[in-house]
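Given the structure of chain A, go ahead and fit chain B onto it with the hints provided.
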Amino acid sequence: MASKVIHALYVDDDILMDAVKKVRAEHYHIEEVYTPFPVHGLDKAMGLPHTRLAITSFMYGCVGLTVAILMMNYIMIEDWPQDIGGKPSFSYIENMPAFVPIMFELTVFFAAHLMVITFYMRSKLWPFKKAENPDVRTTDDHFLMEVDAGSHDVDQLASFLGDTGAVEIKVIDKEEDNH
Amino acid sequence: MYTLSNRLKLFSIILMVVGLVGLIVGFGQRPGSIQEVKEMMAAHDAHGGGHGNQGHSEEDAHGGDAHYEHVLHQLQNKPWASLYVAAFFFFMIALGVLAFYAIQFASQAGWSPVLFRVMEAITAYLVPGGIILFIVLALSGFHVNHLFVWADPEVVAHDALIQGKSGWLNSWGFIIRAAIFLGGWLLYRHFAVKYSRKQDEDTEGNKWYKKSFKISAGFLVFFIYTESMMSWDWIMSFDPHWFSTLFGWYVFASLFVSGITTIALISIYLKSKGYLEFVNNSHIHDLAKFMFGISIFWTYLWFSQFMLIWYSNIPEEVTYFITRIEDYKLPFFGMLVMNFIFPLLVLMNSDFKRVNWFVVMAGIVILCGHYIDVYNMIMPATVGESWFIGISEISAVSLFLGLFLFVVFRALTKAPLLPKGNPYIEESKHFHY
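Sequence lines, in order, name chains A and B. Under the working numbering, the residue at position 10 of the first sequence is numbered 10, and the numbers go up by one with no gaps. Each number in the working numbering comes from the position in the second sequence (counting from 1) with 1000 added on.
Errors might be hidden in some of the hints.
Straight-line Cα separation of at most 30 Å, DSS-like style, residue types lysine-lysine; simulated pairs [what the hints assert, rightly or not]: (1) B:Lys-1429 - B:Lys-1273; (2) B:Lys-1329 - A:Lys-87; (3) A:Lys-22 - B:Lys-1429; (4) A:Lys-4 - A:Lys-170; (5) B:Lys-1414 - B:Lys-1009; (6) A:Lys-21 - B:Lys-1429.
In silico negatives: residues of chain B with every beta carbon more than 10 Å from chain A [stated by the list, open to error]: (7) Glu-1036; (8) Met-1041; (9) Ile-1135; (10) Asp-1152; (11) Phe-1222; (12) Thr-1413; (13) Glu-1427.
Here are the simulated distance ranges between beta carbons [unchecked claim]: (14) A:Ile-75 - B:Arg-1030: 47 to 57 Å; (15) B:Ile-1325 - A:Tyr-120: 40 to 50 Å; (16) A:Pro-36 - B:Glu-1277: 33 to 43 Å.
No wet-lab data here; the hints were simulated from the structure. C-beta: ideal position from N, C-alpha, C; glycine also.
If we strip away everything but chain A, and leave its shape as in the complex, we get (with noise of 0.2 Å):
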């Protein structure tokens, strides 16, 4: 079954953001919007429940800072016990300055990298991919707004839109698995 959406394209970010407010004032449902850069703000005015990202963030770097801990164990005091400047590696507490530097890269460097992966796991992104921008315009200087027509009236929201200052507006036949 093909459901039908609304492409309204805008020109002006501050546009954008006063569009999205009515439409949503008016409980249409906006199932995205295509931007060329970060709107600050849009993510709260759709509505869209705040991100997760700094909490897996923060777990990511306590396992960086575990296995850097553990890992300098192993490797500095229990496997290969050295000593290095007058500072036999026979405890780890008492030589701990020593691998503050490495606990701390690796706690950034695990929070950051799989930070990062998350992200793109969770934005569906992979190498490769084919971009879901319907419009390129929205790469340049455009804006695109995706309404879910739904059982609405199709011709009342399309000149809904364009009284919010939509300089163009399609109606979309969309499949539904392309969901």
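Relative to chain A, chain B alone:
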């Protein structure tokens, strides 16, 4: 316009009087002779048995009275050192705010102008605080007390290392430099506040704002050189054999985070009293981000200084940390918890930075932590192992806290709390994150 409530006025005056009386008692309690030290230590040893044995073995090693004379000098220094720590600590808060204020102008920050009057009021403490600090510095530099060993001609005569540094570390050089540093900072403070007030009356062409921008940029260049030299003179020279090349940065991080924390605390206090209605929780959020960030920066510098010295283990360098870890274990590691681990955990979450009581709690811990930081920098070289937080330490803090509150809140009444002429004031009012 803010009006100073009688309760706050009375509170600050009581703090000052109590502090002054306590400090006089502290000076009066100094032992006058070796005999008195022996009595004091005997009384102390009677309380703890284990400590007594250690004291006697030290006595033998030092050859009788030499040890007691050493302790006598440390105890005679103690009220002076606690006065110095408190005078410097409250002065450095105001100095940190002054640097922060200049950065806001030089970077043309749009979020912060609503907080300018709070910052200007805090920097008002630079005048009385600077004068008192200058007197204390002059007394120490001319060897009225025994805080600086390099100021003692007898010590210098037998010390080749200090002799080599006496081109820089001498009484007159010390006091002239102090006058230049303080004079420059007070001069900038005077004109910055004057231009800020003029800009309110005459916004035509932002003439006064442009002047503020220029002197702020000039001041920051002057400040970063003089602040670094100030840290060598006023703090590092307590241990004249020891040196650290990033000491200026380290002291800067400490005064910067203390200053920003104080801006946040005073803004939240004024908001709770119904003033500063134009300050929203995004401004508090930004200040808390600075508190968090500069705390991490402070730790980074602390660790950079510590790790290199610890690892290389060169005797004349590492003695600095050995005395601190052996004699000052609790304040030394306690300050790391208060200045790093606590702000890291409390202020990491974005939402917590908007909760006023969270910011206040973290701020009080940070300020106490940085007091202990200054304490750790000054006490080991002046009172050594004879340290304890006693009447003179608490009284000195009380005296300067009272003076600080009195001066800062009185300065707040001098001008409207909103600098309405600032060109960024509308942006700042609508600042939203």
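The hints, checked one at a time:
1. B:Lys-1429 - B:Lys-1273: The hint holds at about 19 Å.
2. B:Lys-1329 - A:Lys-87: With a Cα-Cα distance of about 21 Å, the restraint between Lys-1329 (chain B) and Lys-87 (chain A) holds, given a limit of 30 Å.
3. A:Lys-22 - B:Lys-1429: holds (26 Å)
4. A:Lys-4 - A:Lys-170: holds (10 Å)
5. B:Lys-1414 - B:Lys-1009: Holds, at about 15 Å.
6. A:Lys-21 - B:Lys-1429: holds (23 Å)
7. Glu-1036: holds (41 Å)
8. Met-1041: holds (33 Å)
9. Ile-1135: Correct as stated: the minimum Cβ-Cβ distance to chain A is 40 Å, above 10 Å.
10. Asp-1152: holds (34 Å)
11. Phe-1222: Fine: 34 Å to the nearest Cβ keeps Phe-1222 (chain B) off the interface.
12. Thr-1413: holds (38 Å)
13. Glu-1427: holds (14 Å)
14. A:Ile-75 - B:Arg-1030: 47 to 57 Å: holds (54 Å)
15. B:Ile-1325 - A:Tyr-120: 40 to 50 Å: Holds: the Cβ-Cβ distance is about 46 Å, inside 40 to 50 Å.
16. A:Pro-36 - B:Glu-1277: 33 to 43 Å: holds (38 Å)
Checked against the numbered hints above, the structure breaks none of them.
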